[in-house]
Amino acid sequence: MNVANLFASFRSALGDGYLEDRTIERTVGTVETGTVYDLWIVVERDRLHDAVAHLCEAYDPHLSVISGDDLGETLALNYHFTVGWGARYGEATVTLRTVLPKSDLTVPTITDLLPGAQTSEREKIEFLGVDVVGIPDDRNIFLPEDMTIHPWRKDLEEETAKEVKRMVKWEGRHGHE
Amino acid sequence: MGMNNQSINLEIGQCAATTYSVPVGPVHPALKEPIRFSFNLDGERIVGVDIKPGFAHRGIEYMGMKRNLIQALYLSERICGICSISHPLAFTQAVENAAGIEVPPRAQYIRTIIGELERIHSHLLWAGVGAHELGFDTLLHLTWNVREKTMDLLEQLTGNRVDYAIPIFSGVRRDIPEEKTHLAYEAIDYYRGLLQQMIDAYLHDKSVELRTRNVGVLTYDQAVELCAAGPTTRASGVKKDVRQDMPYLAYADMAIEAITPEAFGTEPIGDVYDNIIVRLLEVAQAIDIIEYCLENMPSGELMSIPKVPALLAALKKASGEGIGRHEAPRGEVFHYVRLEEGVEEAVAWKVKAPTYSNLMSWVPKFLGDEIADVPIIAASIDPCMCCMDRAHFADAQGNTSVRMKQELVRLSREKTRRICG
Numbered sequence: 001m002n003v004a005n006l007f008a009s010f011r012s013a014l015g016d017g018y019l020e021d022r023t024i025e026r027t028v029g030t031v032e033t034g035t036v037y038d039l040w041i042v043v044e045r046d047r048l049h050d051a052v053a054h055l056c057e058a059y060d061p062h063l064s065v066i067s068g069d070d071l072g073e074t075l076a077l078n079y080h081f082t083v084g085w086g087a088r089y090g091e092a093t094v095t096l097r098t099v100l101p102k103s104d105l106t107v108p109t110i111t112d113l114l115p116g117a118q119t120s121e122r123e124k125i126e127f128l129g130v131d132v133v134g135i136p137d138d139r140n141i142f143l144p145e146d147m148t149i150h151p152w153r154k155d156l157e158e159e160t161a162k163e164v165k166r167m168v169k170w171e172g173r174h175g176h177e
Numbered sequence: 178m179g180m181n182n183q184s185i186n187l188e189i190g191q192c193a194a195t196t197y198s199v200p201v202g203p204v205h206p207a208l209k210e211p212i213r214f215s216f217n218l219d220g221e222r223i224v225g226v227d228i229k230p231g232f233a234h235r236g237i238e239y240m241g242m243k244r245n246l247i248q249a250l251y252l253s254e255r256i257c258g259i260c261s262i263s264h265p266l267a268f269t270q271a272v273e274n275a276a277g278i279e280v281p282p283r284a285q286y287i288r289t290i291i292g293e294l295e296r297i298h299s300h301l302l303w304a305g306v307g308a309h310e311l312g313f314d315t316l317l318h319l320t321w322n323v324r325e326k327t328m329d330l331l332e333q334l335t336g337n338r339v340d341y342a343i344p345i346f347s348g349v350r351r352d353i354p355e356e357k358t359h360l361a362y363e364a365i366d367y368y369r370g371l372l373q374q375m376i377d378a379y380l381h382d383k384s385v386e387l388r389t390r391n392v393g394v395l396t397y398d399q400a401v402e403l404c405a406a407g408p409t410t411r412a413s414g415v416k417k418d419v420r421q422d423m424p425y426l427a428y429a430d431m432a433i434e435a436i437t438p439e440a441f442g443t444e445p446i447g448d449v450y451d452n453i454i455v456r457l458l459e460v461a462q463a464i465d466i467i468e469y470c471l472e473n474m475p476s477g478e479l480m481s482i483p484k485v486p487a488l489l490a491a492l493k494k495a496s497g498e499g500i501g502r503h504e505a506p507r508g509e510v511f512h513y514v515r516l517e518e519g520v521e522e523a524v525a526w527k528v529k530a531p532t533y534s535n536l537m538s539w540v541p542k543f544l545g546d547e548i549a550d551v552p553i554i555a556a557s558i559d560p561c562m563c564c565m566d567r568a569h570f571a572d573a574q575g576n577t578s579v580r581m582k583q584e585l586v587r588l589s590r591e592k593t594r595r596i597c598g
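Heads up: the protein sequence lines correspond to chains R and Y, in order.
Under the numbering used here, the very last position in the first sequence is 177; numbers go up by exactly one each time.
Under the numbering used here, the very last position in the second sequence is 598; numbers go up by exactly one each time.
Don't take every hint at face value.
What the hints assert, rightly or not - Only pairs whose alpha carbons sit at most 20 Å apart, straight line, appear in this in silico EDC-like list of lysine to aspartate or glutamate:
#1 Y:494 / Y:518
#2 R:154 / Y:521
#3 R:102 / R:60
#4 R:102 / R:146
#5 Y:243 / R:157
#6 R:154 / R:70
#7 R:165 / R:155
#8 Y:416 / R:145
#9 R:154 / Y:517
#10 R:169 / R:155
#11 Y:243 / R:159
#12 R:102 / R:145
#13 R:154 / Y:522
#14 R:162 / R:138
#15 Y:493 / Y:517
#16 Y:493 / Y:465
#17 R:165 / R:138
#18 Y:243 / R:70
#19 Y:494 / Y:478
#20 Y:243 / R:60
#21 Y:484 / Y:279
#22 Y:243 / R:163
#23 Y:243 / R:145
#24 R:154 / Y:340
Rather than coming from a laboratory, the hints here were simulated on the basis of the structure.
Nothing here was measured: the structure is a model prediction, and the numbers come from that model.
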């Protein structure tokens with residue numbers, strides 16, 4: 001994995017939309033040692049789709065998952081990709097991170113580039129209240145169909161606690177009938 | 178084709194022109210875990226499917242972010258009863274990477290051995306379920322009997338058949354002492370002796386082949402673009418395996434290769450038969466890995482921070498982000514954590530289980546196949562919110578009916594009998 005080339009190609013593809021990068025290098029193995037890399041690139045929200053398009057063009061990426069991280073005023077989305085699979089020590093994780101203000105939690109879908117991203121995008125809609133623009137199916141996937149709370153949002157903890165309490169009470173009552 | 182029209186019409190008649198969505202209850206006595214499929218049918222052909230998981234969602238990440246990391250470790254072990262070391266392996270690695278904690282070599286080998294034992298029992302469990310769905314209960318009982326050897330060994334080595342409580346941040350909680358290694362070697366010999374028999378029973382059986390060849394196909398391109406993982410993607414010829422691609426633990430000391438149907442000498446099709454090939458050959462691979470680990474087990478300590486209060490203090494001081502990955506029996510398990518200094522809990526925790534990645538690959542696998550193939554195709558990805566508790570069918574006119582799982586298994590078995598005359 002040529003880390004410098006990967007970063008450089010992203011930088012030229014994204015221009016100002018490329019905010020920063022970080023490399024975490026780890027040594028593995030107890031007899032013969034090798035090096036593996038976790039790579040992080042922070043991109044502007046407006047260039048996220050371009051960044052994924054570049055990834056799909058230059059590599060054959062696998063999306064592991066999209067994780068969300070509530071930072072208070074903002075919400076970070078981490079698109080955890082892996083690239084270079086198929087060979088021993090060939091793979092590295094590439095995480096594209098974008099930070100959204102709580103007042104505007106919209107992000108473009110990447111399902112047009114990588115259809116496998118749909119499950120993860122639907123999960124972010126229901127659990128974090130993110131608006132994924134252009135997703136072909138935005139129904140709740142893991143939460144009940146009619147549930148509207150966003151359990152992973154730290155600013156909405158009160159609402160979540162209220163809803164959980166209501167559900168527990170409801171289930172308890174019916175359970176004893 | 179066609180022999181079950183009568184019963185379909187009868188059921189549609191009963192629920193005439195009523196389209197309804199059934200929130201399937203989370204528990205059914207016959208099943209491990211719930212999920213709902215809504216199929217669109219043209220005759221007996223599946224022309225559309227909608228999948229609704231989530232009936233067993235317990236909010237583990239939410240709970241984990243409210244507990245200190247060691248408490249969350251116990252929780253991670255209970256994400257899955259079969260992958261009960263895979264999640265802790267990924268979680269401990271994520272936290273260790275975030276906090277910069279080293280794991281002693283002996284602990285890495287012990288983690289690997291238990292991880293591979295889990296692969297053996299998980300794949301054998303799957304093979305048995307597959308045989309059952311096809312109606313070969315003799316093979317189910319044979320396979321699960323054989324699986325018991327691994328369960329016994331896990332109990333002898335760790336004290337538990339499931340939830341082995343082996344990994345902890347900075348190492349492992351229990352040693353595999355020298356006097357117990359003969360038990361593991363016995364299991365290795367036992368499985369080596371049986372392997373050819375298992376391959377004959379599954380892969381050289383005409384009726385298994387007739388029911389699984391070209392059924393539930395996931396092509397190479399579909400596997401890649403749907404981001405499938407584990408044996409599901411390898412059966413389609415995608416050479417993707419975390420143990421090979423981005424080595425970790427003792428896997429970094431071995432030259433591990435991703436197993437695809439090519440290892441059996443056939444071109445990958447991505448059907449149910451290829452899924453059997455991959456999983457059976459991975460049992461053989463797991464045996465080799467365990468043997469290597471036993472023979473080359475490094476000596477030394479089990480934890481780099483052996484005292485739990487010191488460990489908790491070190492974790493509380495740590496700050497940073499970490500990714501932990503493990504090739505679980507069903508595919509890649511991925512954990513992301515972010516730690517903040519002065520906070521005992523993980524401030525962010527995301528868990529990705531293999532079935533999460535393989536969920537969407539069910540759609541192309543089902544399309545074009547028959548209702549009677551539903552059980553074996555559903556089982557082919559080795560789903561973790563496994564088994565259908567009910568399937569919700571809609572015919573091409575939009576009429577719906579609800580089928581119980583027993584009914585589907587009956588259809589599947591009748592198809593086997595029909596094929597085998």
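Hints, verified against the model:
| no. | hint | result |
| --- | --- | --- |
| 1 | Y:494 / Y:518 | holds (5 Å) |
| 2 | R:154 / Y:521 | holds (17 Å) |
| 3 | R:102 / R:60 | violated (32 Å) |
| 4 | R:102 / R:146 | violated (23 Å) |
| 5 | Y:243 / R:157 | holds (12 Å) |
| 6 | R:154 / R:70 | holds (6 Å) |
| 7 | R:165 / R:155 | holds (18 Å) |
| 8 | Y:416 / R:145 | violated (37 Å) |
| 9 | R:154 / Y:517 | holds (15 Å) |
| 10 | R:169 / R:155 | violated (23 Å) |
| 11 | Y:243 / R:159 | holds (16 Å) |
| 12 | R:102 / R:145 | violated (24 Å) |
| 13 | R:154 / Y:522 | holds (14 Å) |
| 14 | R:162 / R:138 | violated (25 Å) |
| 15 | Y:493 / Y:517 | holds (8 Å) |
| 16 | Y:493 / Y:465 | violated (39 Å) |
| 17 | R:165 / R:138 | violated (26 Å) |
| 18 | Y:243 / R:70 | holds (14 Å) |
| 19 | Y:494 / Y:478 | violated (23 Å) |
| 20 | Y:243 / R:60 | violated (37 Å) |
| 21 | Y:484 / Y:279 | holds (15 Å) |
| 22 | Y:243 / R:163 | holds (17 Å) |
| 23 | Y:243 / R:145 | violated (26 Å) |
| 24 | R:154 / Y:340 | violated (31 Å) |
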